[in-house]
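Student: Kindly produce the complete structure, drawing on both the sequences and the hints.
So the sequences go chain by chain: W and Z.
Okay, so the first sequence: first residue is 1 according to the UniProt record's numbering, each after it adds one.
Okay, so the second sequence: first residue is 1 according to the UniProt record's numbering, each after it adds one.
Hints are supplied without guarantee of correctness; some may be wrong.
Because identical chains share one entry, a pair is satisfied inside a single copy or across any pair of copies.
[Unchecked claim] The calculated lysine to any residue pairs, modelled on SDA-like cross-linking and capped at a C-alpha distance of 20 Å, are:
| hint | residue 1 | residue 2 |
| --- | --- | --- |
| 1 | Lys309 | Pro378 |
| 2 | Lys282 | Val410 |
| 3 | Lys136 | His121 |
| 4 | Lys229 | Asp247 |
| 5 | Lys375 | Asp276 |
| 6 | Lys229 | Val217 |
| 7 | Lys229 | Pro397 |
| 8 | Lys375 | Glu321 |
| 9 | Lys229 | Ser416 |
| 10 | Lys309 | Glu362 |
| 11 | Lys229 | Phe417 |
| 12 | Lys229 | Arg415 |
| 13 | Lys282 | Ala18 |
| 14 | Lys375 | Asp247 |
| 15 | Lys309 | Gln28 |
| 16 | Lys136 | His32 |
| 17 | Lys114 | Ser5 |
The set of hints was computed from the structure by calculation and includes no laboratory data.
In this text, all values refer to a predicted model and were calculated from it rather than measured experimentally.
The residues making up each chain are set out below.
Protein chains: 2
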Amino acid sequence: MASQSSIAIPVDSPFSLANIPFGIFSTQSQPHPRPGIAIGEHILDLKVLALEGIFTDCEVTFPSDVLTHMTLNAFAALGRPTTSGVRAYIQSLLSQSSSPLHSDPSLLERCAIKQIEATMHLPFDIGDFTDFTSSKTVSVECVDDIFTFRKDSLMYVFHPPRAASGRVSTILPSGIPIVRPFGHLPASTTLARTTGFSLAPTNELDFELELAFFISVPTEHFERVPVEKTEEHIFGVVLLNDWSARDIQIPETLPFGAFNAKNFASTISPWVVTLDALEPFKIEHDIRRVPSYLVDEGDATYDISVSLKVIPGESLEREMEMTRSCLRNSYWTFRQMLAFHTLSGCRMRTGDLIGTGTLSGEDATSLCSLIEQRKHFPNRTFLQDGDEVVFTAWCGPPQGGVGFGECRGVVLPARSFMVKARHPN
Amino acid sequence: MASQSSIAIPVDSPFSLANIPFGIFSTQSQPHPRPGIAIGEHILDLKVLALEGIFTDCEVTFPSDVLTHMTLNAFAALGRPTTSGVRAYIQSLLSQSSSPLHSDPSLLERCAIKQIEATMHLPFDIGDFTDFTSSKTVSVECVDDIFTFRKDSLMYVFHPPRAASGRVSTILPSGIPIVRPFGHLPASTTLARTTGFSLAPTNELDFELELAFFISVPTEHFERVPVEKTEEHIFGVVLLNDWSARDIQIPETLPFGAFNAKNFASTISPWVVTLDALEPFKIEHDIRRVPSYLVDEGDATYDISVSLKVIPGESLEREMEMTRSCLRNSYWTFRQMLAFHTLSGCRMRTGDLIGTGTLSGEDATSLCSLIEQRKHFPNRTFLQDGDEVVFTAWCGPPQGGVGFGECRGVVLPARSFMVKARHPN
Numbered sequence: 001m002a003s004q005s006s007i008a009i010p011v012d013s014p015f016s017l018a019n020i021p022f023g024i025f026s027t028q029s030q031p032h033p034r035p036g037i038a039i040g041e042h043i044l045d046l047k048v049l050a051l052e053g054i055f056t057d058c059e060v061t062f063p064s065d066v067l068t069h070m071t072l073n074a075f076a077a078l079g080r081p082t083t084s085g086v087r088a089y090i091q092s093l094l095s096q097s098s099s100p101l102h103s104d105p106s107l108l109e110r111c112a113i114k115q116i117e118a119t120m121h122l123p124f125d126i127g128d129f130t131d132f133t134s135s136k137t138v139s140v141e142c143v144d145d146i147f148t149f150r151k152d153s154l155m156y157v158f159h160p161p162r163a164a165s166g167r168v169s170t171i172l173p174s175g176i177p178i179v180r181p182f183g184h185l186p187a188s189t190t191l192a193r194t195t196g197f198s199l200a201p202t203n204e205l206d207f208e209l210e211l212a213f214f215i216s217v218p219t220e221h222f223e224r225v226p227v228e229k230t231e232e233h234i235f236g237v238v239l240l241n242d243w244s245a246r247d248i249q250i251p252e253t254l255p256f257g258a259f260n261a262k263n264f265a266s267t268i269s270p271w272v273v274t275l276d277a278l279e280p281f282k283i284e285h286d287i288r289r290v291p292s293y294l295v296d297e298g299d300a301t302y303d304i305s306v307s308l309k310v311i312p313g314e315s316l317e318r319e320m321e322m323t324r325s326c327l328r329n330s331y332w333t334f335r336q337m338l339a340f341h342t343l344s345g346c347r348m349r350t351g352d353l354i355g356t357g358t359l360s361g362e363d364a365t366s367l368c369s370l371i372e373q374r375k376h377f378p379n380r381t382f383l384q385d386g387d388e389v390v391f392t393a394w395c396g397p398p399q400g401g402v403g404f405g406e407c408r409g410v411v412l413p414a415r416s417f418m419v420k421a422r423h424p425n
Numbered sequence: 001m002a003s004q005s006s007i008a009i010p011v012d013s014p015f016s017l018a019n020i021p022f023g024i025f026s027t028q029s030q031p032h033p034r035p036g037i038a039i040g041e042h043i044l045d046l047k048v049l050a051l052e053g054i055f056t057d058c059e060v061t062f063p064s065d066v067l068t069h070m071t072l073n074a075f076a077a078l079g080r081p082t083t084s085g086v087r088a089y090i091q092s093l094l095s096q097s098s099s100p101l102h103s104d105p106s107l108l109e110r111c112a113i114k115q116i117e118a119t120m121h122l123p124f125d126i127g128d129f130t131d132f133t134s135s136k137t138v139s140v141e142c143v144d145d146i147f148t149f150r151k152d153s154l155m156y157v158f159h160p161p162r163a164a165s166g167r168v169s170t171i172l173p174s175g176i177p178i179v180r181p182f183g184h185l186p187a188s189t190t191l192a193r194t195t196g197f198s199l200a201p202t203n204e205l206d207f208e209l210e211l212a213f214f215i216s217v218p219t220e221h222f223e224r225v226p227v228e229k230t231e232e233h234i235f236g237v238v239l240l241n242d243w244s245a246r247d248i249q250i251p252e253t254l255p256f257g258a259f260n261a262k263n264f265a266s267t268i269s270p271w272v273v274t275l276d277a278l279e280p281f282k283i284e285h286d287i288r289r290v291p292s293y294l295v296d297e298g299d300a301t302y303d304i305s306v307s308l309k310v311i312p313g314e315s316l317e318r319e320m321e322m323t324r325s326c327l328r329n330s331y332w333t334f335r336q337m338l339a340f341h342t343l344s345g346c347r348m349r350t351g352d353l354i355g356t357g358t359l360s361g362e363d364a365t366s367l368c369s370l371i372e373q374r375k376h377f378p379n380r381t382f383l384q385d386g387d388e389v390v391f392t393a394w395c396g397p398p399q400g401g402v403g404f405g406e407c408r409g410v411v412l413p414a415r416s417f418m419v420k421a422r423h424p425n
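Tutor: And the structure:
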């Protein structure tokens with residue numbers, strides 16, 4: 001692959017020629033969502049390229065109309081040999097001097113859009129959303145707060161692996177503001193104590209820094225996917241903020257799991273970094289005591305670093321340290337998650353999203369949620385109205401050129417709630 | 001409404017003129033799924049009626065092409081005033097002597113299909129699936145088995161209301177066989193005890209008899225729906241079997257909730273009984289101590305009876321008693337469920353499915369899952385391969401003519417699992 005691109009790429013861009021992440025975007029002049037890839041500070045409009053027949057020269061044969069759809073589902077469902085070939089062809093279009101992007105300036109003008117002029121949408125029509133629990137630290141740190149009843153061991157928390165279905169309708173692309181949710185909360189006032197509950201906006205709004213992967217090729221009903229076949233079903237990876245209201249979560253979790261505490265919003269980064277882009281960053285996963293069907297030896301995971309910061313809204317005096325962690329802190333690999341998920345025969349559909357769970361590490365600067373951070377920094381507050389949470393992720397060294405961009409969300413105040421006067425709580 | 005129909009209706013049919021449930025069906029000669037209503041032992045093909053312009057005489061104006069779609073989503077999204085009007089018009093088509101169904105025998109021949117010649121499909125493209133916990137009995141009976149850590153009170157189990165997101169990709173229409181799932185189970189053999197877990201098919205496959213309702217008109221992100229507005233967003237009701245593997249569920253539930261224990265399959269009855277059909281069966285809901293935003297006075301729920309039977313596969317000697325219960329046993333009304341669900345601002349989309357949870361009553365013949373029944377009938381076994389589970393539901397007296405049809409599923413043996421020899425468990 002040549003290092004020159006027909007579109008200028010800043011050296012510190014997360015979207016180098018080595019990346020080529022896929023997403024769905026629209027522009028003011030063309031508001032219909034369509035597929036693109038991110039390159040430097042631009043988007044390459046794949047619909048324009050498809051409609052102009054540019055993909056007829058691609059080495060892999062595929063129905064290029066899938067690149068005119070409003071989601072990536074049909075494209076990803078073609079499977080990795082095809083999507084890898086298309087990605088490689090896009091790299092060659094951008095880098096080779098014989099490419100029409102080099103020889104036809106008007107084509108380049110039609111298909112290169114500045115990212116700041118685009119609106120990003122959800123990359124997939126998401127059928128199901130699953131969120132795992134993968135961080136040893138989360139499990140240990142939070143056991144006191146949320147899971148008060150049993151603290152046996154890590155073996156207990158990870159065997160069987162733990163995951164939950166999540167809400168799909170409220171998965172949002174980066175940048176959409178989050179309205180502070182109301183909750184049916186445990187009694188905290190004298191009046192409420194007489195009834196046992198109160199109605200109030202959450203006072204403990206939190207984030208969870210995660211990665212998540214999208215399913216490409218679907219599976220059949222009651223089909224299991226062995227670990228070594230899982231990558232055939234994974235398209236790529238995004239950042240995920242699994243917004244959580246801890247005061248709503250605690251009573252819900254005993255004994256049924258979080259519901260309203262998490263169903264109001266989850267935010268993902270809009271650019272899907274493919275397994276092909278991640279391939280050079282494969283690393284060995286710590287060998288752990290797992291049942292044979294989950295054994296995942298060799299380079300089974302990826303060297304992906306993640307970071308988060310909270311940009312305070314009004315109370316600017318609050319501390320604002322950067323948190324850094326990495327995918328290594330996940331107890332399970334993506335492959336193990338998918339193998340476990342299908343152990344029951346649970347069907348996967350193209351566009352299903354599977355989150356890692358909070359990626360906290362062991363030291364205090366790598367804790368990926370406020371509920372954990374507050375154990376080490378008691379003065380740190382939960383999210384205030386106006387706070388913006390920003391996640392980033394990248395592979396290898398900071399200037400490796402394979403990054404995830406940002407996953408952002410700002411907190412808006414709760415919407416007022418008219419309580420019927422005759423039944424005060 | 002006249003009592004005569006252009007299509008013969010057996011007196012004990014659940015699908016009388018007073019019902020008119022909507023569903024999606026196909027036939028061998030026309031395999032494209034399309035909307036229909038059930039009437040007696042027939043289906044009225046709404047796509048044929050729409051394409052022939054029959055709905056131009058309907059009192060409500062609506063885009064009748066929605067009745068040519070492969071799902072009911074676009075139709076239901078029109079909202080209750082419209083869908084009620086269409087249902088009333090279909091009743092008049094069937095009952096009035098001036099109707100083209102009476103005057104044009106060839107039209108009747110083209111649009112009346114025998115149910116036994118049709119294949120039923122999922123009625124909606126389901127975006128999200130939520131399952132509540134509503135039965136006092138389940139909560140109390142099963143506390144010992146599954147939720148060992150705390151038994152405070154019913155107040156504890158229902159405040160806040162408890163619900164969980166469920167798997168959408170494995171919701172199946174009645175009649176699709178269920179493959180017994182494998183599980184990552186707690187140690188039960190000497191060898192497994194050394195590693196703490198074993199890999200085996202579930203030995204405790206169970207059913208849960210529930211009702212569930214479909215969302216019609218969607219809500220906005222972060223919009224709350226007050227109890228008194230909820231019916232504007234509910235299209236109708238089906239039976240739901242939330243298949244559960246109890247030995248997989250118990251370790252998963254502590255502390256994160258069921259996952260593989262329930263994600264392999266859920267079965268629904270294919271005919272959606274509308275709120276209009278249920279309206280004559282409205283009854284008062286027991287007044288319970290609830291926060292003001294959940295107060296639901298007046299005729300807030302429905303007199304719906306449910307029953308289940310297990311038809312044994314091979315071991316015919318097993319007992320086979322009928323279980324009967326009713327929606328009255330639900331702690332929450334449909335309206336309260338939807339109001340609570342949107343308290344956080346969780347967005348609803350057309351086709352979202354919300355289950356009541358197991359509808360067990362207080363006596364031993366009204367327990368709607370085997371895990372509960374086994375407390376009273378210790379010799380009753382969990383489901384065996386070949387067993388078929390059949391649910392039915394009806395309104396008012398048995399011959400009221402407003403029934404739900406059946407929700408059926410037969411259990412198939414687990415599929416063999418090749419475990420890598422070098423890592424025996």
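Student: State for each hint whether it applies.
Tutor: Taking the hints in turn, this is what the structure says about them:
1. Lys309 x Pro378: For Lys309 and Pro378, only the intra-copy Cα distance (17 Å) is at most 20 Å; the inter-copy one is 56 Å.
2. Lys282 x Val410: Cα proximity of Lys282 and Val410: none, with 33 Å in one copy and 44 Å across.
3. Lys136 x His121: Answer is neither: 33 Å inside a copy and 43 Å across each miss the 20 Å cutoff.
4. Lys229 x Asp247: So Lys229 and Asp247 fail the 20 Å test inside a copy (40 Å) and across (27 Å) alike.
5. Lys375 x Asp276: For Lys375 and Asp276, neither the intra-copy (39 Å) nor the inter-copy (54 Å) Cα distance is at most 20 Å.
6. Lys229 x Val217: within (11 Å within a copy, 41 Å between copies)
7. Lys229 x Pro397: neither (29 Å within a copy, 54 Å between copies)
8. Lys375 x Glu321: within (15 Å within a copy, 55 Å between copies)
9. Lys229 x Ser416: between (50 Å within a copy, 17 Å between copies)
10. Lys309 x Glu362: Within. Shortest intra-copy distance 18 Å satisfies the 20 Å Cα cut-off; inter-copy 52 Å does not.
11. Lys229 x Phe417: Close across copies (15 Å), not inside one copy (50 Å); limit 20 Å.
12. Lys229 x Arg415: between (47 Å within a copy, 18 Å between copies)
13. Lys282 x Ala18: This pair counts as within: shortest intra-copy Cα distance 15 Å, inter-copy 63 Å.
14. Lys375 x Asp247: For Lys375 and Asp247, the Cα distance is within 20 Å only inside one copy (16 Å; across copies 35 Å).
15. Lys309 x Gln28: neither (30 Å within a copy, 58 Å between copies)
16. Lys136 x His32: neither (43 Å within a copy, 49 Å between copies)
17. Lys114 x Ser5: Result: close within a single copy only, 15 Å intra versus 63 Å inter.
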